[in-house]
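Protein chains: 2
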Amino acid sequence: MKSLSKWSMLALGALSIGLATTSTAMSANSLEDVMKARGLTQKDVLAAAKTYVPTGGRDEFITFSSGGQSGQVIVYGVPSMRILKYIAVFTAEPWQGYGFDDESKAVMAQGNVNGKEITFGDTHHPALSETNGVYDGQYLFINDKNNPRLAVIDLSDFETKQIVVNPVLKSEHGGPFVTPNTDYVLQAAQYAAPLENGFVPLDQFNEKYRGAITYWKFDRKEGRIVPAESFSVEVPPYSQDLSDFGKGPSDGWSFTNSFCSERYVGGIESGRPPFEAGCSQKDTDFFHMINWKKAVELFHAGKAKKINGHAVISMDTAVKEGILFLVPEPKSPHGMDVSPDGKFMIVAGKLDSHTYVYSFEKMMGLIKNKDFAGKDAYGIPILDLKKSLHTQVQVGLGPLHTQYDSKPCTVYTSIYVDSQVTKWDYCEGKVLDKISIHYNIGHLMAMEGDSQTPQGKYLVSLNKLAIDRFNPVGPLHPQNHQLIDISGDKMELLYDMAIPLGEPHYAVAISADKLKPKIRYKSGWDSRTDKRSEYRTRPGKERIERDGNRVHVYATAIRSHFTPEIIEVEEGDVVSVHITNLERAEDQTHGFAISGTNVNLSLEPGKTASGTFTADKAGVFPYYCTEFCSALHLEMQGYLMVKPKGYKATAAKGAEGTIYAQGDYDKQFATNLATQDVINSVVGFITTHNYQDFPAVVALVEDATEQLNFAADTRKKAEDFAAKKDWQNATLWAGQWWQYQVKAADIGLRAKTYLEQNGAKKVK
Amino acid sequence: MKSLSKWSMLALGALSIGLATTSTAMSANSLEDVMKARGLTQKDVLAAAKTYVPTGGRDEFITFSSGGQSGQVIVYGVPSMRILKYIAVFTAEPWQGYGFDDESKAVMAQGNVNGKEITFGDTHHPALSETNGVYDGQYLFINDKNNPRLAVIDLSDFETKQIVVNPVLKSEHGGPFVTPNTDYVLQAAQYAAPLENGFVPLDQFNEKYRGAITYWKFDRKEGRIVPAESFSVEVPPYSQDLSDFGKGPSDGWSFTNSFCSERYVGGIESGRPPFEAGCSQKDTDFFHMINWKKAVELFHAGKAKKINGHAVISMDTAVKEGILFLVPEPKSPHGMDVSPDGKFMIVAGKLDSHTYVYSFEKMMGLIKNKDFAGKDAYGIPILDLKKSLHTQVQVGLGPLHTQYDSKPCTVYTSIYVDSQVTKWDYCEGKVLDKISIHYNIGHLMAMEGDSQTPQGKYLVSLNKLAIDRFNPVGPLHPQNHQLIDISGDKMELLYDMAIPLGEPHYAVAISADKLKPKIRYKSGWDSRTDKRSEYRTRPGKERIERDGNRVHVYATAIRSHFTPEIIEVEEGDVVSVHITNLERAEDQTHGFAISGTNVNLSLEPGKTASGTFTADKAGVFPYYCTEFCSALHLEMQGYLMVKPKGYKATAAKGAEGTIYAQGDYDKQFATNLATQDVINSVVGFITTHNYQDFPAVVALVEDATEQLNFAADTRKKAEDFAAKKDWQNATLWAGQWWQYQVKAADIGLRAKTYLEQNGAKKVK
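So the sequences go chain by chain: A and B. In this text, residue positions in the first sequence follow this note's numbering: the first is 122, and each later residue adds one. In this text, residue positions in the second sequence follow this note's numbering: the first is 122, and each later residue adds one.
Next comes chain A alone, as it looks inside the complex:
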């Protein structure tokens, strides 16, 4: 039998094996063998090569997709189609601590509706912030259709920072969309309802039900929406839908389409034809054209009335001031897409096989000349459809949404019923190509395809049905996002990606190099308010403060222990545990959960997060780190001791479970010296190579150095106890010294491997 030696003795041997295997030759399998075995065609292999991203590689674009009724935002890479993150927005999600720590609960509480906690959202349309009409990678906005809310996500850390509730709408679909400099974020109604929020019977639908289009003011510097500087424009009960802002020549205008301009109220239960029949009977609906810059002036000039404390420019005022017009559009549309040059607006209606290309210039001419085709029931001028159009193109059955290519005049429209994407030329008005998708595409997305600088290259088809595309996983299917190569003349299907959670509607993709998120927070950071936390704790300053039955625990976390490890409170106490993660190393997140409570914190490096609960039951409640953070992760534990009311502690001291003697100390000491030799050899390798040319390794070296400093401090403790012949403490602190060595070795080995695999050169 081999001896039970600690692994410090063996490290060098193991390392050398590790080194040898990194240079392993390629498998004997040839590509032809693999193709044959897996039934792949040449086309399949080409698609595989176009989408595969090797280990450590980077995707070219990052997609932000709504999660639908999951209430989240989904982040994935293109072309690998690997999902990188689900960002919690309207729904609690414990892995991120969202809705489980006090800081994020405060964000969620901003989204309460009439004081009621709303625990989910139906996210539909993400929008990226723009500077001069170009995506700048700073912020993402996302709506909730079910309750009319809007959230702000900061792309410096991919966290939700703010939720605002629309004060006049009951549901909301057509937004967010941003102005070219993200001064305003647009949100349009969906199902009409009384703006005042009270009960109004449906027999007053035409008179009292309304839509509205809200312009939320966004403060770029603070990264927050400013409700007091925001306003809405009242519009008819036409079921407003998607929108877009003008650009270039059309900057200053916004466009919002609608369905059910029939103003039909269903009631199939009482023998009336259902909504779907009455809402799709006319050949055309209307899009709303609003001069939002002038609307801002009217708002500032006090021409808005207040409804529920929110400024609303009435239809009458909007008509009188000449800022609101209607334009006929194909019925039941779902898409309003302004061309990159701002000259054209493309609309498709699901029940008309054409896309309609509107000329902004023509429409402005009509408005200027007051050349209107009539007025609607609310007195809003209607432009003539024929006179507004640049062209119409027959694209297929059930056209829906259009995205722009980087190539001039080239666009792609999703075709729901035909299950196709049509590529066409909106200048010449002709179809260029079609491709079948699987199945029933809703929105589609080209890279930066709704900005002023579309990037072309890839298109993603957001299909609403997957049916047989993937291995079956029960009656509820994943969604299917299909990646299409649009770099050539013909579209080529590259990849079927399953969406495993949520039902995305709209998505936006940005060049990956525009995103530069941070990897750690300033120490003691409240990431939700973007300020130092008032509960931050520095090492050595951990403490428990009590005021009556209110207890605050100021705690820290570091590999691999919390301080404190024992928290004593009394039954009935209201306890807040505030933990600061002291780590600085990338990806060195800790978690914190206490049995019997609903506290789960996600503590990224530098973050301070807080969990509050009532200790309503006497007992023993283990807590532990929920992120596998280190070799001693399972031992990163503690006990919340909830004493019964009036409990009197005795002076009893528990017996140690294991007693250590000088021999144990000496053995541990020898192990540590041997381990130090291993570390020294790793350090030697690193410092004799040009590691400073590799920022990732520099960060690792800093982290390892920190661990070695801890080791040195702990060694001193051990030696002090040994000098006093307190072998129990001496042995255990020597063990702790070794733990810090293990962490340093872990990091050092990672750095060494990195240098080996990335062609570091020996120096001197």
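Please note that the accuracy of each hint is not assured.
Pairs involving identical chains hold if they fit within one copy or between any two copies, as the list cannot separate such chains.
As the list claims (entries may be wrong) - 27 Å max Cα-Cα, derived DSS-like pairs, lysine-lysine: (1) 528 to 551; (2) 766 to 237; (3) 226 to 237; (4) 635 to 507; (5) 578 to 164.
Don't read these hints as lab results, they were simulated from the structure.
Knowing the structure of chain A, use the given hints to seat chain B on it.
Leaving out everything else, chain B in the frame of chain A:
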């Protein structure tokens, strides 16, 4: 300008274009061009070809991974590494309606701890049901570490059916594991605590704190755990960890390892060395060896005492009856892996560089001969380590978890600190190969690698750190699961997969062909109780029932309307909306959400789900379908009208928003006849081909036929109204008839495309 003709006129033209494009030639790009442009090596292309699954293709294996503190189970395909589903288990998730419909709330409520609602879980170790030691694809079990709970997922629909709370534990890590016929499901404690759940000061740790190993009885026929037939075995306060059941010769025994058998209690805040030091000081911990078949007999013989109403076999009884033994194991282990033939148990400790291979035969010999090395402080016999071992193998720094290959004697062990996987031979005791992973692997998983029939082929490395592997997404990184080809002598890294939500710990993979989930429910099905719902509603039987302020709405959903479309209640009413999805077609899910409430239902075909809320505020609350179900999805809407208390309705009848005349009816009628021609041509194509050889198409044809029957019914309504010269109703019902035609055409086109793309042949 082109005419605004409805798209029925154009359908055939569009179809022919669609056909043409499906035969598009391959892009001009050559593989060499793509490799050069994307910087891919030959090895990369080979890996791409080994993992790429073309559209409509199937993965060979399906993985079930824990989601860690997200409280979910993650389902993904191997080798494509596409995530197919997140199954909600301990955390509410609205896309699935989980925690948002009454039926799933009842499942979650089973998991209340001491009456307190627990809103998240920390899932660690999934286990698949087995028949004769072989995965059978029927059930999946998953634990919650933070609160000691266990959930049952039925793989016939991938839904969580049951949650049980462990009555004696406070936290739980080492489970679930199943007996070879899934009679029992094992759950082992983690952090020791008093089994009785009360407060016991830490100075009585050795005397009063305990672990336990629970054997939950599973009723295969009902698919539910039976708490009354379940029991636990009391064990020392040793921080029990992972477990496994014996197989073949070792069937009847279970094995559970432990850490911190030092029984150390930390307290760094008061100057004591932290848990991590005191819990890793000894060179060895103990694994527990329990004769569970004999324990079942003892339980049935009444030899268990009751703690918190649950049967517990005390340590004293277990020792006296000879069912509990301890075996030294490498310190801080995390993995107890019984060989497929049941002869060996492999254990690795993170702080020992060896794996230890135990011989069941040797251990049984020692037990039989009462050849013990001693007893622990609780009187439990300890087997001699040396005499129990088959061999020890030096595998690297930080070995953790071992999985079995299909090749004899071949295993893989994850090496945390070295960030490697070591392939080795446990019969001969030698290392065969090593591969570097990125970074810090926790568990690893081979295909069916912990069953009696390992499948080999692929290995997945569940890495705990991703660091620089993916595009950055902020301080909280995704996890990284790396796919490794183990079919050859040398391991080959194939793919880096990001886990975008949750932190998986353990995973299990099953041959995909063993899973045969259903695609629809029997009509009116409560999927959580697996019974017909008492609230199911047949078409035509929709109604609203009131008893005092308790209102039940019996509703249905079908493309594209709910019945009823208007729900009137009074302020203060407690309302339940029960919706039956009448669809039979695969993937034809509807959703249902009401603004201002927290109701969101996911209604897969056949399902009945219920949302209950208090109508606490008078007003108008739109509801709608949250799944993009059809071209008229946005129009699948309704209004919840909450009348103020005492509100008196007037006899007022609202004016119609749009008035239709005979001309409108005639136009719609003509459109419908033209649309019918299109449908007939599609039907003609289908019926002149061998569609009956394609089950997917047969299902589509059934669905289309149903839609056409609706169309015929509705046509009759329209014609009846026309006969009465009620042009308003006649036109709208004719519109509805057309809507059904559109749905039939949608399905028909999908069937036609399927036949074209799958080589259907013309018949007759």
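Q: Taking the numbered hints from earlier one at a time, note which ones the structure violates and give those numbers from smallest to largest.
A: 4
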